[in-house]
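8 protein chains.
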Amino acid sequence: MSADNSNVDNAKVDNAKVAILMGSQSDWPVMKRARDVLAELGVASDARVISAHRKPARLHEFMDEAEAAGIQVFIAGAGLAAHLPGVVASLTIRPVLGVPLEAGPLKGKDALYSIVQMPGGIPVGTLGIGGAGAKNAGLLAAEILALADHGLAQRLKDWRASQAEGLQEIPQD
Amino acid sequence: MSADNSNVDNAKVDNAKVAILMGSQSDWPVMKRARDVLAELGVASDARVISAHRKPARLHEFMDEAEAAGIQVFIAGAGLAAHLPGVVASLTIRPVLGVPLEAGPLKGKDALYSIVQMPGGIPVGTLGIGGAGAKNAGLLAAEILALADHGLAQRLKDWRASQAEGLQEIPQD
Amino acid sequence: MSADNSNVDNAKVDNAKVAILMGSQSDWPVMKRARDVLAELGVASDARVISAHRKPARLHEFMDEAEAAGIQVFIAGAGLAAHLPGVVASLTIRPVLGVPLEAGPLKGKDALYSIVQMPGGIPVGTLGIGGAGAKNAGLLAAEILALADHGLAQRLKDWRASQAEGLQEIPQD
Amino acid sequence: MSADNSNVDNAKVDNAKVAILMGSQSDWPVMKRARDVLAELGVASDARVISAHRKPARLHEFMDEAEAAGIQVFIAGAGLAAHLPGVVASLTIRPVLGVPLEAGPLKGKDALYSIVQMPGGIPVGTLGIGGAGAKNAGLLAAEILALADHGLAQRLKDWRASQAEGLQEIPQD
Amino acid sequence: MSADNSNVDNAKVDNAKVAILMGSQSDWPVMKRARDVLAELGVASDARVISAHRKPARLHEFMDEAEAAGIQVFIAGAGLAAHLPGVVASLTIRPVLGVPLEAGPLKGKDALYSIVQMPGGIPVGTLGIGGAGAKNAGLLAAEILALADHGLAQRLKDWRASQAEGLQEIPQD
Amino acid sequence: MSADNSNVDNAKVDNAKVAILMGSQSDWPVMKRARDVLAELGVASDARVISAHRKPARLHEFMDEAEAAGIQVFIAGAGLAAHLPGVVASLTIRPVLGVPLEAGPLKGKDALYSIVQMPGGIPVGTLGIGGAGAKNAGLLAAEILALADHGLAQRLKDWRASQAEGLQEIPQD
Amino acid sequence: MSADNSNVDNAKVDNAKVAILMGSQSDWPVMKRARDVLAELGVASDARVISAHRKPARLHEFMDEAEAAGIQVFIAGAGLAAHLPGVVASLTIRPVLGVPLEAGPLKGKDALYSIVQMPGGIPVGTLGIGGAGAKNAGLLAAEILALADHGLAQRLKDWRASQAEGLQEIPQD
Amino acid sequence: MSADNSNVDNAKVDNAKVAILMGSQSDWPVMKRARDVLAELGVASDARVISAHRKPARLHEFMDEAEAAGIQVFIAGAGLAAHLPGVVASLTIRPVLGVPLEAGPLKGKDALYSIVQMPGGIPVGTLGIGGAGAKNAGLLAAEILALADHGLAQRLKDWRASQAEGLQEIPQD
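Chains as they are written, first to last, in this note's numbering: chain A, 1 to 173; chain B, 1 to 173; chain C, 1 to 173; chain D, 1 to 173; chain E, 1 to 173; chain F, 1 to 173; chain G, 1 to 173; chain H, 1 to 173.
The shape of chain A in the complex, shown without the other chains (with noise of 0.2 Å):
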C-alpha cells in the first residue's frame, strides 16, 4: 500500500477526502474494497487501524487532525460487536458510513445490529456485510463529494455505465 497510504500529517493527507478506519490489521482485505472502487474514481483516501476501545484518547486526536486535514467523510469496519463506526460518529458532524464485517460465529449480522441501530442523534450510514459493503460505503463517500465537484460525479455516471455494460447477457456454459 506504501505511497497511498499516508498519515494525516503528511503531504498525502492534504489531498485526502475520506479516511477508512478498521479496528484490526486483519480486517483490510476487506475494508481495501473501500479504497480501491475510490482510487478508480480517482478520490484519495487514508486508511487506519484504530480501536474504538483500545486507545478512545487516540481516536479522538485521529478525528481532530483528520477534519482539521480536509477529511470529509468516514468510512470505518468492524466486525462483531462493531461500536467503531458509532464511536467516530459521536465525535464529528461529517457524514460517517459503517461497514459490517463478517467475523466469527454470527457472520456479521452481530455487527450489522451493531452499526446500524444506531439511537436517534448519531447518524450511522450502513452498508452491506462484508466485501460489497466496503465496495458500496467507497461509492457512496464518492457520491457524496461528488456534489460538490463536477468532474468527480462525471466519472462517477461513466462508472455506474461501465458497470452496466460489463453484464454479460448470456450465460456460458
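Bear in mind the hints are in silico, worked out from the structure with no lab data behind them.
Hints are supplied without guarantee of correctness; some may be wrong.
Said to hold, decoys possible - Derived BS3-like pairs (lysine-lysine); straight-line CA-CA distance at most 25 Å:
no.	chain 1	residue 1	chain 2	residue 2
1	D	Lys107	B	Lys55
2	D	Lys107	B	Lys107
3	D	Lys107	F	Lys107
4	C	Lys157	E	Lys157
5	C	Lys107	G	Lys107
6	A	Lys107	F	Lys157
7	G	Lys107	B	Lys107
8	B	Lys107	F	Lys107
9	C	Lys107	E	Lys107
10	H	Lys157	F	Lys107
11	E	Lys55	A	Lys107
12	A	Lys55	G	Lys107
13	F	Lys107	G	Lys107
14	A	Lys55	H	Lys157
15	B	Lys107	C	Lys107
16	D	Lys107	E	Lys55
17	B	Lys55	C	Lys55
18	H	Lys55	E	Lys157
19	D	Lys55	E	Lys55
20	H	Lys107	D	Lys107
21	D	Lys55	F	Lys157
To be verified - Among chain C residues calculated to face chain A with C-beta under 10 Å, some are:
no.	residue
22	Ser51
23	Arg54
24	Lys55
25	Arg58
26	Leu80
27	Leu106
28	Lys107
29	Asp110
30	Ala148
31	Gly151
Glycine residues also receive a C-beta, built at the ideal position from the N, C-alpha and C atoms.
For this one, chain A is given, so just place chains B, C, D, E, F, G and H on it according to the hints.
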C-alpha cells in the same frame, strides 16, 4: 403539513435539497421524523408517496425532475420487501439513504435486509429500523449538505450540543 | 449452453415459453437447474443475465420483447437484497416465480425476505433458497404451462412418478 | 360468504377455478383476502377448511374431486409447522400457492420456512406472511388463469393500473 | 447394514420395535446414529427411506404394516421443510420422534421449525438438529420401550453410567 | 385445581402416571393444557412448581419419590434459558418431554434452543412453544402410556377421530 | 429516588460500591431492578443517565471520578446498538456488567449482540435482556463484592435461600 | 498442560483462584484461551471437564471442594443447550462467568441463549461466543480478583496498555 410539503414543480421545490420518499401514505408518521429534524436544522425537504413497483415510469420521471430541481440527497423509507431505496439508488448517482420500516410480522428485519444488503455497485446508506432511523436519515442528509454549507454545519453542532445538554443525569422515581 | 441459450430475437425465442433471469453470470450454475428440469419436460426456456438495478431501461425493454415473443412465465433468481423478481413482477401481469440465491454471509435469508415479502398488489411466487428452489421454479413453471398443454401435463405426471420410483427404500452402509 | 362459498359438489363448483384451503376456521379472516381479490377480478373460488393431518384421507378425496370439478390452481394457507401447502402439492401436478400465516410466537417465520423450503420435486409457490400474502396468492392465481383468458388478463391490467392511480402523492398531516 | 436392515415383511421385522424413517438416502449417515445406539442397547430397528410427499400412498401402507408388525415407536428424520415426522404422526397414535436434519443454507433451523411447531393435536417429540439429535431419538425410543422392559431399563442405566465414567476429567495439551 | 392436583405423598399420587413440572407458578395457565388433555383421556397427572436452579436438592429428591410412586413420563415446561427439562432428564431414564414457554422478549425461541439442543446422551422430546406444545406434550405422554394400555389406546383413537370431525368445513363470514 | 440517588461528589458516593449507568431516562424503570436488589442486600449504588455517544468527554470524566470515589463494579444498560457497556469497559479495568434492554422492533436482540460480542481484550459480563437481566446484574455485582465482604456473602446466601422458599409448590386454578 | 493443570485436591489447588469448567474434552482448545490470559496475568487456574448432566452428584461435590480450596471465580463453557454455567451458578454465590461455545449447526447462538437468558435470581455473566469470549472470561475473572489485589490490578493495566500499543496503525498490502 400544508405549505412546507411542497411539490417538485412549485416554488418550494427550488429550495428543497432533500427528497423524502415512501411507498405508502401509512409510512408518513414515521418518515415525518426525517422532515421534522431537517426543518429544525433549516433544511427544506420535499416528501412524496411513490411506489417502486406500482408506477415505475412515474418514479423515473420524478427522479429526473428532482435532480433538475436541486435535490441533493434522497431519503427513501419502505417496509417488507423494501425495494424503494435500492430502485431509487439505481436511478441517480446522488446519495441515497434508506430507512427500513417496521411493518408486518417480521417487524422490519425483512426491510432491513432488503435495503442494506444491496449488491456492490449501487450503494444505499441504511439507517436503523423505524422512527430513530428516519430521524437519523434526516440528520445524515444534513451532515452531507453541511459539507458545503458552513451555516448548516454550525447549526448541526449546536443541535448536537443541545441534545447532550438535554440528558437528564438523575433518574426520578 | 450455446444453441439452446437462444436470444429473444432469434428462432429459438419463438418456442421459449419461460424466461430465466438472473442478476449475475455467477448465478448460472444454480439457475441452470430450472432450465435443466424444463428441458427434461420438453419446455424451451430463454436464460438471461440482466440486472434489476444496473440497466433498468434494458430490463423494461426486455420484458416487452419477451411478452411479445411468447414468454408465459418468468423465473428470476437473485441473492442479497434480491430485487430482480419484484421488479420483473412490477413490469408484467404474467406469473413471476422468484428464487432466493445463497450469496454472502446471510446465506440467502436476506434474499428470501427480499423476494417473498412483496407488498400486496405485486405477487412473486417464491421457491426455496438455492438449487432445490431453482429446480422447483422450473417445475412450477411447467405446471402452469401444463394447464393448457395436455402433453406436458402427462410428462409432468410421468416425471413425478419416476421420482417416486427412484427412491431407494433400503439404505446401504 | 353465503352463496359464493359453494361446495365442490354443487353448481358453483363447476365455475370455481381456484380452491382456497386452510387448516382452521380461524385462518379465514386472513385467507378471505385471496377470495376477495379473485372476486374483484371475476374469478370464482371454492374455500375449504381441511387439515393436512387430521383427515388425510378426506384431503386426498377432495383433491381428486376438485381436479375433476375444474379447479386449476390451489391456494393453501397454514401457520406454525405449516404442512398443508406441501401435502396438497404432493397430491397434484396443478400449481399450488402457499400462504404462511402469522400464528404463535414465531409470527409466521416457522410457517414460511415450512412452506418455502420444500425439497426439489414438489414445488409450492410461496407468498408473503399473512394478509398481503393471501391477497398476492389470489392475484398470482389470477395471473396464471389469465394466460388462457384474455378477458381476465385485461381485468388484471385494469386492476393494477387502478392501484397505481390510487396512490396518494402528498402525505397529509 | 445388510442383514439387520430387515424389511417389515421378513423375519427381522418381527423383532423390530422401532422404525427409523428418512426422506432420502443421503440422510442415512446421520440417522444411522439412532440405529447404532439402539443396537448398543439391544433394540432392533427397521430403517427406511420413504418420502412424505413423493409416495404418500406407500407411506400410509407402510404405517399400517409397521404397526401390525409390532413397531412401537417411530423415528423420522428430515431436512428443509421437514414434513415427514408430522405426516407420520398424523397416521398413528404411537409415539413419533422427529429429528431435524442439517440440510441446505438454513442449516436445519427450517427443519426444526417444520417439525417442532406441530399444531395442537398431532404431537411429534423433537430432538436436536443433526447427529446428536438422531442419537438422542434412539435413546428416547429406548426409554419409552424400557417402561415395559426391565432388562432394557437396566441396560439404559448401565449405558448412562458408562457415559459418565467416560468423561475425561483432565484436559491434555 | 384442588383435589386432582395431588402431591406425591398422597393417595392421588399412586394413580398419577405423568408428572407435569414447571419453574414458576406463572407457567401454570399454559402447562395446564397438558393436564387437561390427559384428564380428557383418563390419565391422572401430578403437577408441580419446582425450579431447576433454586432448589436443586429438592428436585433430586422429588425425582426419586416420583419414580417410586409410579410416574412413567415427565413433562417439564420452562421459559428463557430453560434448563428444567434437561436437568430432569439427567436424573431419570424415564421419558422426559419438554415444553418451551413463551416468556420474555425472545418469545420462547431461547427456551426452544435451551430444551431441544440437548447434547447427545440426555434426550428431551421437545414439543412446540407455548400452549399447543403443552397440549401435545400431554398427548405424547398418553401415546407412550398407551403402548401398554389398550383402553387408553382406544381412547386416543377416539379423541383424534373426534378432532377430525370437529373441523368445520365451510368458513362463515 | 431522592436521597439514595446520590451523586458522585456527595456523601452517599463515599458508600456507593456499584455504579448503574444507562443511556436514557426511559431505561430507569428496568435498570432500577439492579438498584433494588442491591438495596435489599445492603449495597449502596449510584445511578446515572449518561450517554456513550452524546457526551463522551463527560463519560470519561465520570469514570475517573467514580473509581476515585470507590466504585468497584459498573453496571451499564442500553438498548438498540448498545455501545455504553463496551465504552465503559474500555475506560476501566474494574468489572463491567452489561444489560441489554428491550427497545425497538428487534426487542433487545440487537442490544444483546452489541454488548455480548465484545472483541477479545475488553470484557463485558452480559446478563439477560430486560428486567431479569437488570436484577441479575445487581446480584452478580453483589457476588463480586461479597468475595471481600463476609457479611454480604451471608446476606446473599440468605437471599437465595429465601427465593427457594418462596416457590409455591402447588399451582392454583 | 501438565503441571499447571492441577486438581483441586493437590498443592496447586491451594493457589488456584479461578476454576475453568467445560462439558467435554473437545471444548478445551477454545477454553484454554481463558487459562492462557490468566497465566499471562499471573493468576493460577484449575481446568476441568465436568458435565452438568452426566454426573450431577460429582458436580455438586466438586463445587464444595472448589470453594473450600479457595476458588473465587468460576468460568464455565458449553455449547448447544448449554446448561453448565447456569447449573454451576445455582450451586454457588461466587461469581460465575459463562462462555457460549460454537458447536453444531446453530453456531453457538443456541448456547448464547441458553447461558445469557438465565431467569432472575441466578446470574451468569456471559461473554461472547467462542475464543474471544473465553479470553474475555479470563480477563473479567482477573478484573474481579484485582479488586482485592493491587499487583494484579497493575498487571491488568499494563496488559491493556500493551494491547493498545500492539495495534498496527498502517495496514500493509
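How the hints compare with the structure:
1. As the CA atoms of Lys107(D) and Lys55(B) are separated by approximately 31 Å, the hinted pair breaks the 25 Å bound.
2. Our distance criterion of 25 Å between C-alpha atoms is met by Lys107(D) and Lys107(B), whose separation comes to about 10 Å.
3. The straight-line distance between the Cα atoms of Lys107(D) and Lys107(F) is roughly 10 Å, inside the 25 Å bound, and the hint therefore holds.
4. At most 25 Å may separate the alpha-carbon atoms for a hinted pair to count; Lys157(C) and Lys157(E) exceed this at roughly 52 Å.
5. The straight-line distance between the Cα atoms of Lys107(C) and Lys107(G) is roughly 23 Å, inside the 25 Å bound, and the hint therefore holds.
6. Distance hint between Lys107(A) and Lys157(F) is unfulfilled; the C-alpha atoms sit about 48 Å from each other, more than 25 Å.
7. About 10 Å separates the Cα atoms of Lys107(G) and Lys107(B), which keeps this hinted pair within 25 Å; it holds.
8. Distance check on the hinted pair: Lys107(B) and Lys107(F) sit about 14 Å apart at the alpha-carbon level, within 25 Å; holds.
9. Only pairs whose Cα atoms come within 25 Å are accepted, and Lys107(C) paired with Lys107(E) is accepted, the gap being roughly 10 Å.
10. Straight-line distance between C-alpha atoms of Lys157(H) and Lys107(F) comes to about 41 Å, which puts the hinted pair past the 25 Å bound.
11. Using a Cα cut-off of 25 Å, the hinted pair Lys55(E) and Lys107(A) is violated, with the two alpha carbons roughly 39 Å apart.
12. As the CA atoms of Lys55(A) and Lys107(G) are separated by approximately 31 Å, the hinted pair breaks the 25 Å bound.
13. The hinted pair formed by Lys107(F) and Lys107(G) meets the criterion: a straight-line CA distance of about 10 Å does not exceed 25 Å.
14. Taken as a hint, the Lys55(A) and Lys157(H) pair is honoured in the structure, with Cα atoms around 13 Å apart against an allowance of 25 Å.
15. Taking the CA atoms of Lys107(B) and Lys107(C), the gap is about 20 Å. The hint holds against a cut of 25 Å.
16. Taking the CA atoms of Lys107(D) and Lys55(E), the gap is about 31 Å. The hint is violated against a cut of 25 Å.
17. The suggested pairing of Lys55(B) with Lys55(C) holds, with an alpha-carbon distance near 18 Å, which does not exceed 25 Å.
18. For the suggested pair Lys55(H) and Lys157(E), the alpha carbons sit about 13 Å apart, so the restraint of at most 25 Å is met.
19. The suggested pairing of Lys55(D) with Lys55(E) holds, with an alpha-carbon distance near 18 Å, which does not exceed 25 Å.
20. Of the supplied pair hints, the one linking Lys107(H) and Lys107(D) holds, its CA atoms being roughly 23 Å apart against a limit of 25 Å.
21. With a C-alpha separation of about 13 Å, the suggested pairing of Lys55(D) with Lys157(F) holds against the 25 Å cut-off.
22. Checking Ser51(C) against chain A: minimum C-beta separation of about 6 Å stays under 10 Å; hint holds.
23. For the restraint placing Arg54(C) at the interface with chain A, the shortest Cβ-Cβ distance is roughly 4 Å, inside the 10 Å limit, so the hint holds.
24. Checking Lys55(C) against chain A: minimum C-beta separation of about 4 Å stays under 10 Å; hint holds.
25. The interface hint given for Arg58(C) holds, since its Cβ lies 8 Å from the closest Cβ of chain A, which is under the 10 Å cut-off.
26. This hint holds: Leu80(C) has a C-beta 7 Å from the nearest C-beta of chain A, less than the 10 Å allowed.
27. Because the beta carbon of Leu106(C) sits about 7 Å from the nearest beta carbon in chain A, less than 10 Å, this interface hint is met.
28. With 10 Å as the threshold, the beta carbon of Lys107(C) comes within range of chain A, its nearest partner Cβ sitting at about 8 Å, so the hint holds.
29. With 10 Å as the threshold, the beta carbon of Asp110(C) comes within range of chain A, its nearest partner Cβ sitting at about 9 Å, so the hint holds.
30. For Ala148(C), the interface hint is violated, since its Cβ never comes within 10 Å of a Cβ in chain A; the closest pair sits about 28 Å apart.
31. Hint status for Gly151(C): violated, given a least beta-carbon distance of 27 Å to chain A, over 10 Å.
Violated hints, listed in ascending order, are 1, 4, 6, 10, 11, 12, 16, 30 and 31; each of the other numbered hints is respected by the structure.
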